[in-house]
Amino acid sequence: MTISHSTTETFWRKHDLFFFAYRSVRDGIRTSADNLMGFLAEVFPSPPARILSILGRSNVPKSLASLDSPRRAYTRLVLVGHSEGGLVIRKAVVLAEKQSNPVSRARVVLFAPAISGVSPAGLKGMLLKSGPGDWIVLPYLANSRAYRDMTSANYFNDVRDRTLEAREIHKAHSALWAKVVFGSEEDVVVPVVWPEDQEDQVTGHDHVSICKPTSKYDRPITFVAEN
Amino acid sequence: MHRLQQFVVGTILPELERAVGGRDSRDDNDVSMTALLVIEGFLWLHLGVELGAFPREASEDVYSYYYSSFFDWLKSYSETRQTGSTPPPFLESSSYLGLPTFARNLVSIGIRGGQPLYDQPSGVGERPDLVDPFQSLMILYSRLCRNSAVRRFLYGIGFQDSDDWTIQWNEQCTAMDLFEAVDSSDASPTATAMVLAGYVSLCEFARNMEEVLNNIEGLAILDSAQLFQFKDRIRNIHAWRLNLSSGVTVKRFEQVQGKIKKMVEQVLRDEKFDDEIKSVQGLLDNSLDLFLESQRVTA
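Same order as they appear, the protein sequences are chains G and V. For the first sequence, my numbering begins at 1 and goes up steadily by one. For the second sequence, my numbering begins at 1001 and goes up steadily by one.
Chain G with its partners taken away, still in its complex shape (with noise of 0.2 angstroms):
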């Protein structure tokens, strides 16, 4: 199946879609997790007018202002990640329940995230698969605080096991369980799921293929938008 235009037409006209940029060399998961829910405390439920408004800046045309967005109030969030995204999204929920959290409401829907592990050499193969801008950065991947938190058992089992607790407490967050998709040709993470987590597999796809929508293929967008 092939999502139409049409349909992503309607789809579009119901959602907003944020991306979240975050160092992902440089900065560890607990700085990245920190990130995520400083902007998502910004955006949700109602992000800020000027993100939706070109009014407040001198000397705008009527036609152009004309063009504004209506005010937003979010009722459903959705948290997407991949990769080390996944890692990030799963700290930013435990820490939100450690106070009152719209977060712990979202759902949670993760591409090949490194929640279990990486594995060193897919990791760097990948890498060289890529471009320049990857390729530099191999000489400093063992000193990257993110890296040693993503091949640190302890660290993400911690991770792991605060998810778990926080579960018994708050049945109804959602976010504690998340629907995590890998690729059959995985090999740069650990492709292996939380307890109760809903597993989803596809045949033919690697860790960077696993969440690139094409013509042929709109797992991705599926995936996000059923529920």
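The reader is advised that the hints may include incorrect statements.
The calculated lysine to aspartate or glutamate pairs, modelled on EDC-like cross-linking and capped at a C-alpha distance of 16 angstroms, are [what the hints assert, rightly or not]:
| # | chain 1 | residue 1 | chain 2 | residue 2 |
| --- | --- | --- | --- | --- |
| 1 | G | 212 | V | 1132 |
| 2 | G | 124 | V | 1211 |
| 3 | G | 129 | V | 1132 |
| 4 | G | 129 | V | 1211 |
If you want a taste of the chain V side facing chain G, the calculated C-beta under 7 angstroms gives, among others [what the hints assert, rightly or not]:
| # | residue |
| --- | --- |
| 5 | 1001 |
| 6 | 1061 |
| 7 | 1179 |
| 8 | 1203 |
| 9 | 1204 |
| 10 | 1264 |
In case anyone wonders, no lab produced these hints; they're calculated from the structure. Positions of the beta carbon are idealized from the N, C-alpha and C atoms, including for glycine.
For chain G, the structure is supplied; the task is to place chain V on it using the hints.
Here is chain V on its own, set in the frame of chain G:
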């Protein structure tokens, strides 16, 4: 925010402010490069209007509010220099003449006070089904415009005076300096590291653009002729960034690419990836084809 508003706020206005603000204190080469960046932004607006991604009325107002005064300034700026002077007037400079014909025609219309938004279309026409992929391209483009290392690279290989280039190019730059320059916006890397980081970032942009263009091809929403027209227009919009008609640019580009190759080779040897060196260098050789293909045809 609507995609046109996003484009105006995130890309058009910052470029125009850079072009117009403080121009008296900058050298002609810097002004020329900034003018070309503004023209490049206009070409994206022009394509977005043709595809129907940007609404016509608002786009016309964007043009008259923001671009018409830029073209007025460009005309007067170019007229302050006589033909045959050094450097030549902007409109006679090799960097401007490196723009494809359709772009120069549009600039001519703008300079004459006309409305260039509907002239020189790519031929693809209004395509609602191309709007989403076009937005993906716009996201990549706006990130490129915000990248100061890319700007430094463009200036270095295409616009910087020879003496300045030689002095800066001879600065030491280690793999660590390059990593810092690519990875951290708060570092203060050397000029050479910034140039190299700009090259790396431009490769990243080209790779992502090619991926989106391949996806558009896979969607089969354009027939082969229209697909060619669309890709050709995208490549031509950016081709000035690596102007192969300039011997100076070609030489500096090869210097940059050669240094990156050596650094990458060293990194791979240190990491015991000797067997991968050849394939990685092959990837590097082709990493900027997005900017080069349209020129290779005519070179």
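How the hints compare with the structure:
1. 212/G <-> 1132/V: 15 angstroms, holds
2. 124/G <-> 1211/V: 22 angstroms, violated
3. 129/G <-> 1132/V: 28 angstroms, violated
4. 129/G <-> 1211/V: It holds: about 14 angstroms lies between the C-alpha atoms, which stays within 16 angstroms.
5. 1001: 6 angstroms, holds
6. 1061: 4 angstroms, holds
7. 1179: This interface hint holds because 5 angstroms falls under the 7 angstroms limit.
8. 1203: Holds, because the Cβ-Cβ distance from residue 1203/V to chain G comes to roughly 5 angstroms (cut-off 7 angstroms).
9. 1204: With a closest approach of 5 angstroms, the residue 1204/V hint holds.
10. 1264: Holds, because the Cβ-Cβ distance from residue 1264/V to chain G comes to roughly 5 angstroms (cut-off 7 angstroms).
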